[in-house]
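Taking the hints into account, I'd like the entire structure generated from these sequences.
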Amino acid sequence: MSELANNFGRRLHYLNADYGVKSWLLTRDHKRIALLYLASISLFFALGGLMAVGIRLELATPGADLVQPDTYNRLFTMHGVLMIFLFLIPSIPATLGNFLIPLMIGAKDLAFPKVNLASWYVYNIAGLFTLWAVAQGGVDTGWTFYTPYSTTYSNSYVVATALGVFTVGFSSIMTAVNFIVTIHRMRAPGLTWFRLPLFVWAHYATSLVIILGTPVVAVTILMVAAERILRIGIFDPALGGDPVLFQHLFWFYSHPAVYIMILPSMGVISELITAFTRKRIFGYKFIAFASVSIAVLGFLVWGHHMFLSSQSVYAGAVFSVLSMLVAVPSAIKVFNWTATLYKGSVSWDTPMLYALGFIGLFTIGGLTGVMLATLGIDIHVHDTYFVVAHFHYVMVGGAIMGYLGGLHFWWPKITGRLYPVFWSKFSAIVIFVGFNLTFFPQFLLGYLGMPRRYHVYPADFQVLNVMSSAGATILGVGYLIPLFYFFWSMRYGERADRNPWGAIGLEWMTGSPPPTHNFHEPPTVDWDAYAYLPDTPGGTGEAWDAAKPTSEAPEHG
Amino acid sequence: MSEHITPIRTYLLIFFALMILTVVTVAVAMVDLGALNDVVAMGIAIFKASLVVLFFMHVKKSRLMTKITVVASAFWLLILFGLTLSDYVTRGFL
Ligand code: HEM
Ligand SMILES: [Cu+2]
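First to last, the protein sequences are chains L and H.
Sequential numbering from 1 applies to the first sequence in this note's numbering.
Sequential numbering from 1 applies to the second sequence in this note's numbering.
Misleading hints may appear alongside valid ones.
Quick partial rundown of chain H residues pointing at chain L, CB under 10 Å, derived from the structure [what the hints assert, rightly or not]:
{"id": "1", "residue": "Phe15"}
{"id": "2", "residue": "Phe16"}
{"id": "3", "residue": "Met19"}
{"id": "4", "residue": "Leu33"}
{"id": "5", "residue": "Asn37"}
{"id": "6", "residue": "Leu64"}
{"id": "7", "residue": "Met65"}
{"id": "8", "residue": "Lys67"}
{"id": "9", "residue": "Ala72"}
{"id": "10", "residue": "Leu80"}
{"id": "11", "residue": "Leu83"}
{"id": "12", "residue": "Thr84"}
{"id": "13", "residue": "Asp87"}
{"id": "14", "residue": "Tyr88"}
{"id": "15", "residue": "Gly92"}
{"id": "16", "residue": "Leu94"}
Straight-line alpha carbon distances no greater than 30 Å define the calculated DSBU-like cross-link-like pairs of lysine-lysine that follow [to be verified]:
{"id": "17", "chain 1": "L", "residue 1": "Lys114", "chain 2": "H", "residue 2": "Lys48"}
{"id": "18", "chain 1": "L", "residue 1": "Lys114", "chain 2": "L", "residue 2": "Lys22"}
{"id": "19", "chain 1": "L", "residue 1": "Lys425", "chain 2": "L", "residue 2": "Lys343"}
{"id": "20", "chain 1": "L", "residue 1": "Lys108", "chain 2": "L", "residue 2": "Lys22"}
{"id": "21", "chain 1": "H", "residue 1": "Lys60", "chain 2": "H", "residue 2": "Lys48"}
{"id": "22", "chain 1": "L", "residue 1": "Lys285", "chain 2": "H", "residue 2": "Lys48"}
{"id": "23", "chain 1": "H", "residue 1": "Lys67", "chain 2": "L", "residue 2": "Lys108"}
{"id": "24", "chain 1": "H", "residue 1": "Lys48", "chain 2": "H", "residue 2": "Lys67"}
{"id": "25", "chain 1": "H", "residue 1": "Lys61", "chain 2": "H", "residue 2": "Lys48"}
{"id": "26", "chain 1": "L", "residue 1": "Lys285", "chain 2": "L", "residue 2": "Lys343"}
{"id": "27", "chain 1": "L", "residue 1": "Lys285", "chain 2": "L", "residue 2": "Lys108"}
{"id": "28", "chain 1": "L", "residue 1": "Lys114", "chain 2": "H", "residue 2": "Lys61"}
Ranges of calculated distance between the beta carbons of each label pair, as one might list FRET restraints [unchecked claim]:
{"id": "29", "chain 1": "H", "residue 1": "Val28", "chain 2": "L", "residue 2": "Pro451", "range": "49 to 59 Å"}
{"id": "30", "chain 1": "H", "residue 1": "Leu85", "chain 2": "L", "residue 2": "Gly240", "range": "11 to 21 Å"}
{"id": "31", "chain 1": "H", "residue 1": "Ile68", "chain 2": "L", "residue 2": "Ile232", "range": "48 to 58 Å"}
{"id": "32", "chain 1": "L", "residue 1": "His380", "chain 2": "H", "residue 2": "Phe56", "range": "47 to 57 Å"}
{"id": "33", "chain 1": "H", "residue 1": "Phe47", "chain 2": "L", "residue 2": "Asp526", "range": "46 to 56 Å"}
{"id": "34", "chain 1": "L", "residue 1": "Val313", "chain 2": "H", "residue 2": "Ser73", "range": "29 to 39 Å"}
{"id": "35", "chain 1": "H", "residue 1": "Ala29", "chain 2": "L", "residue 2": "Asn155", "range": "51 to 61 Å"}
{"id": "36", "chain 1": "H", "residue 1": "Val28", "chain 2": "L", "residue 2": "Asn155", "range": "58 to 68 Å"}
{"id": "37", "chain 1": "L", "residue 1": "Pro215", "chain 2": "H", "residue 2": "Arg91", "range": "23 to 33 Å"}
{"id": "38", "chain 1": "H", "residue 1": "Lys61", "chain 2": "L", "residue 2": "Pro215", "range": "39 to 49 Å"}
{"id": "39", "chain 1": "H", "residue 1": "Lys67", "chain 2": "L", "residue 2": "Ala118", "range": "21 to 31 Å"}
{"id": "40", "chain 1": "H", "residue 1": "Met30", "chain 2": "L", "residue 2": "Asn155", "range": "37 to 47 Å"}
If you're looking for bench data, these hints aren't it; they were derived computationally from the structure.
We put the beta carbon where it would ideally sit given N, CA and C, even for glycine.
Put into structure tokens, the structure is as follows:
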């Protein structure tokens with residue numbers, strides 16, 4: 001029997017190479033670890049979503065009818081903690097990034113496969129720790145853990161939750177170090193930096209942000225614990241500390257962290273736009289360097305969260321100007337994607353629907369960010385629903401749209417199966433409609449003065465709040481549909497060949513699903529990223545396919 | 001990987017240098033230098049940290065990439081301190 005086939009004569013790949021729980025829990029294969037992560041983060045996404053349901057139900061009416069004020073505080077805090085630290089930050093890097101980076105650069109695996117597996121265990125330990133804190137009663141400080149409330153007054157499980165967040169940071173760092181070393185050292189012969197897919201550039205930039213920022217929040221969390229438990233004065237004025245110092249340290253990490261969430265998603269969008277317009281990307285180098293400059297500039301703007309915190313107005317003015325600078329590389333990307341669409345042969349497959357959704361929604365989110373960075377406007381809308389709408393447009397409308405678009409795009413590669421076309425387009429549209437109905441009214445609410453983080457509001461605000469709650473229901477349904485059909489397609493989906501989209505990239509040159517070591521013969525690269533042939537709408541991918549040597553094993557099944 | 005063997009002597013020398021500098025830090029803390037108090041204390045601390053990084057952590061004999069990484073992270077620390085101080089230093093101006 002050929003070593004390329006398994007006992008049943010089927011083509012051997014990473015999913016059927018080995019069976020049993022142990023072969024998964026002790027795997028060092030980046031592709032299997034990506035799937036382990038997918039399972040874990042989906043669980044936390046679902047839990048975070050449940051808490052959002054609780055929040056929106058309470059806010060359907062102006063009064064306090066569903067939960068106690070204290071419970072409400074815990075709901076929105078746990079929602080934020082789970083969604084940001086346990087879902088969005090690991091989302092794309094740990095799943096798609098883990099799966100695709102070695103494939104895209106023609107490597108057998110990541111540089112440190114055992115560290116990769118360890119990072120998943122660290123992630124789960126952190127997750128369990130956080131869940132334990134939830135089970136004990138949760139936290140009520142907001143996901144930002146602001147002092148002096150978190151250090152002195154809160155009676156909730158601050159230290160336990162904070163330790164969960166502290167621990168999950170280490171799993172991010174492990175993943176980031178792995179990516180950086182892999183991208184530096186393991187590129188296929190001929191794959192120069194400027195031939196890398198922009199997805200890889202985006203993950204490189206993200207990894208830099210992770211290793212430069214995460215240690216700071218880790219130490220800050222330890223300082224909160226030290227003050228709460230040992231009464232060491234760092235943030236408490238009574239002990240000689242300064243509460244605003246916490247905000248500086250926290251946002252030094254957490255503003256860059258918003259770019260940890262959006263950069264990988266931008267990387268996905270560059271892949272989708274090129275594949276579904278069959279064109280080279282407009283301004284490759286500009287997009288690559290935009291990722292890096294977002295990573296750098298992202299560290300210089302954190303004070304825009306502190307305009308009203310007794311931060312000096314001079315520092316505020318500096319942070320305001322610097323914040324507007326970050327909008328420049330973000331805008332470069334949006335313009336370049338749009339320019340790529342121009343005269344492309346655009347097809348409307350599901351991933352493309354998500355990509356187009358991303359461009360529109362991210363633009364709204366980014367532009368309202370610039371509004372917020374304007375000192376005068378922020379005084380009016382700080383801590384209102386306007387801010388809530390802003391960051392949901394970037395995180396849900398941007399980051400999660402990219403995540404779902406990427407999952408659909410690479411699903412055939414990951415599982416070897418196609419998803420149902422009708423249902424996937426249907427759910428993409430449901431998500432887009434539900435999203436806008438949920439969050440657009442929140443811009444209006446915030447502008448009219450409804451503060452965030454309260455469980456009651458004046459009756460005048462009810463119409464907009466009901467719209468938002470109704471939208472959240474639609475959005476929830478939109479997220480559930482893919483959950484069902486992805487499971488369905490794993491068993492019943494049509495089989496995918498190695499390149500169902502006719503897309504360009506090393507990951508499409510190997511089998512779907514890929515063999516355990518990714519390529520039977522190590523590939524060499526002598527073409528640029530996205531080398532779609534110009535002026536041949538439709539079939540360019542196939543033409544390119546035929547011209548390139550394949551490393552596909554012969555089909556046995 | 002090119003491994004450099006550092007003689008024990010170097011480690012001992014650095015160790016004693018660190019010990020002496022610790023004594024100096026304590027001694028200086030007894031003298032009031034006015035505005036220079038913080039500057040001197042931080043200066044000695046940075047010098048000691050550099051010794052640890054260069055010799056104990058072998059950065060002095062490492063590849064260029066490692067050196068760039070170390071310098072970049074020190075630079076990031078400066079961003080953290082610098083922009084935070086831009087708040088604290090200018091609060092009194094208004
Ligand atoms: C285009 C550049 C952006 C600018 C200029 C910007 C600006 C701002 C400003 C000024 C605030 C503070 C508003 C206030 O509290 O009064 C803010 C809040 C926030 N932004 Fe952005 N933003 C940008 C992009 C993003 C992105 C890409 C994300 C996430 C993927 C994001 C996530 C957030 C979050 C989570 C908050 C609220 C934090 C909290 O208080 O809980 N922003 N943004
Ligand atoms: Cu920010």
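Hint-by-hint comparison with the structure:
Residue-level restraint check for Phe15 (chain H) is violated (minimum Cβ-Cβ distance to chain L is 26 Å; threshold 10 Å). Because the beta carbon of Phe16 (chain H) sits about 30 Å from the nearest beta carbon in chain L, more than 10 Å, this interface hint is broken. The beta carbon of Met19 (chain H) is not positioned within 10 Å of any beta carbon in chain L (closest approach about 26 Å), and the interface hint is therefore violated. The interface hint given for Leu33 (chain H) is broken, as the beta carbon of that residue sits about 22 Å from the closest beta carbon of chain L, more than 10 Å.
Here the hint on Asn37 (chain H) is broken, as its CB sits about 17 Å from the closest CB of chain L, past 10 Å. A least Cβ separation of about 13 Å between Leu64 (chain H) and chain L goes past the 10 Å threshold, and the interface hint is therefore violated. Because the beta carbon of Met65 (chain H) sits about 8 Å from the nearest beta carbon in chain L, less than 10 Å, this interface hint is met. For the restraint placing Lys67 (chain H) at the interface with chain L, the shortest Cβ-Cβ distance is roughly 15 Å, beyond the 10 Å limit, so the hint is violated.
The interface hint given for Ala72 (chain H) holds, since its Cβ lies 8 Å from the closest Cβ of chain L, which is under the 10 Å cut-off. A least Cβ separation of about 5 Å between Leu80 (chain H) and chain L falls short of the 10 Å threshold, and the interface hint therefore holds. Look at Leu83 (chain H): its Cβ gets to within about 7 Å of chain L, closer than 10 Å, so that hint holds up. Checking Thr84 (chain H) against chain L: minimum C-beta separation of about 5 Å stays under 10 Å; hint holds.
Hint status for Asp87 (chain H) relative to chain L: holds, with the closest Cβ pair at about 4 Å, below 10 Å. At its closest, the beta carbon of Tyr88 (chain H) sits 8 Å from a beta carbon of chain L; the interface hint therefore holds under the 10 Å criterion. A hinted interface residue such as Gly92 (chain H) counts as satisfied when its beta carbon comes closer than 10 Å to some beta carbon of chain L; here the least separation is about 8 Å, so the hint holds. With 10 Å as the threshold, the beta carbon of Leu94 (chain H) comes within range of chain L, its nearest partner Cβ sitting at about 6 Å, so the hint holds.
With a C-alpha separation of about 35 Å, the suggested pair Lys114 (chain L) and Lys48 (chain H) falls outside the 30 Å cut-off, and the hint is violated. Of the pairs offered as hints, the one joining Lys114 (chain L) and Lys22 (chain L) holds, with about 15 Å between alpha carbons and a cut-off of 30 Å not exceeded. Distance restraint check for Lys425 (chain L) and Lys343 (chain L): the Cα-Cα separation of roughly 23 Å lies within the 30 Å cut-off, and the hinted pair is therefore satisfied. For the suggested pair Lys108 (chain L) and Lys22 (chain L), the alpha carbons sit about 21 Å apart, so the restraint of at most 30 Å is met.
Our distance criterion of 30 Å between C-alpha atoms is met by Lys60 (chain H) and Lys48 (chain H), whose separation comes to about 14 Å. Between Lys285 (chain L) and Lys48 (chain H) the alpha-carbon distance is near 42 Å, which puts this suggested pair outside the 30 Å criterion. A C-alpha spacing of about 29 Å is found between Lys67 (chain H) and Lys108 (chain L), which places the hinted pair at or below 30 Å, so the restraint holds. Annotation: proposed proximity of Lys48 (chain H) to Lys67 (chain H) holds, straight-line Cα distance about 18 Å (limit 30 Å).
Using a Cα cut-off of 30 Å, the hinted pair Lys61 (chain H) and Lys48 (chain H) holds, with the two alpha carbons roughly 18 Å apart. A threshold of 30 Å between alpha carbons decides the hint, and for Lys285 (chain L) with Lys343 (chain L) the separation of about 21 Å falls inside it, so the pair holds. The hinted pair formed by Lys285 (chain L) and Lys108 (chain L) meets the criterion: a straight-line CA distance of about 27 Å does not exceed 30 Å. The straight-line distance between the Cα atoms of Lys114 (chain L) and Lys61 (chain H) is roughly 28 Å, inside the 30 Å bound, and the hint therefore holds.
Under the hint 49 to 59 Å, the C-beta atoms of Val28 (chain H) and Pro451 (chain L), about 50 Å apart, fit the expected range. The hint said 11 to 21 Å for the Cβ distance between Leu85 (chain H) and Gly240 (chain L), and at roughly 18 Å that hint holds. Judged by the Cβ atoms, the range 48 to 58 Å given for Ile68 (chain H) and Ile232 (chain L) is violated: they are separated by roughly 35 Å. Between His380 (chain L) and Phe56 (chain H) the Cβ separation comes to about 53 Å, which falls inside the hinted range of 47 to 57 Å.
The supplied range of 46 to 56 Å is met by Phe47 (chain H) and Asp526 (chain L), whose beta-carbon atoms lie about 51 Å from each other. Judged by the Cβ atoms, the range 29 to 39 Å given for Val313 (chain L) and Ser73 (chain H) holds: they are separated by roughly 31 Å. The given range of 51 to 61 Å is broken by Ala29 (chain H) and Asn155 (chain L), whose C-beta atoms sit roughly 39 Å from each other. Between Val28 (chain H) and Asn155 (chain L), the C-beta spacing of about 44 Å breaks the proposed range 58 to 68 Å.
Against the hinted window of 23 to 33 Å, the Cβ-Cβ separation of Pro215 (chain L) and Arg91 (chain H) comes to about 27 Å, which satisfies the hint. Under the hint 39 to 49 Å, the C-beta atoms of Lys61 (chain H) and Pro215 (chain L), about 25 Å apart, miss the expected range. The supplied range of 21 to 31 Å is met by Lys67 (chain H) and Ala118 (chain L), whose beta-carbon atoms lie about 28 Å from each other. Separation of Met30 (chain H) from Asn155 (chain L) is about 43 Å and conforms to the stated range, judged on CB atoms against 37 to 47 Å.
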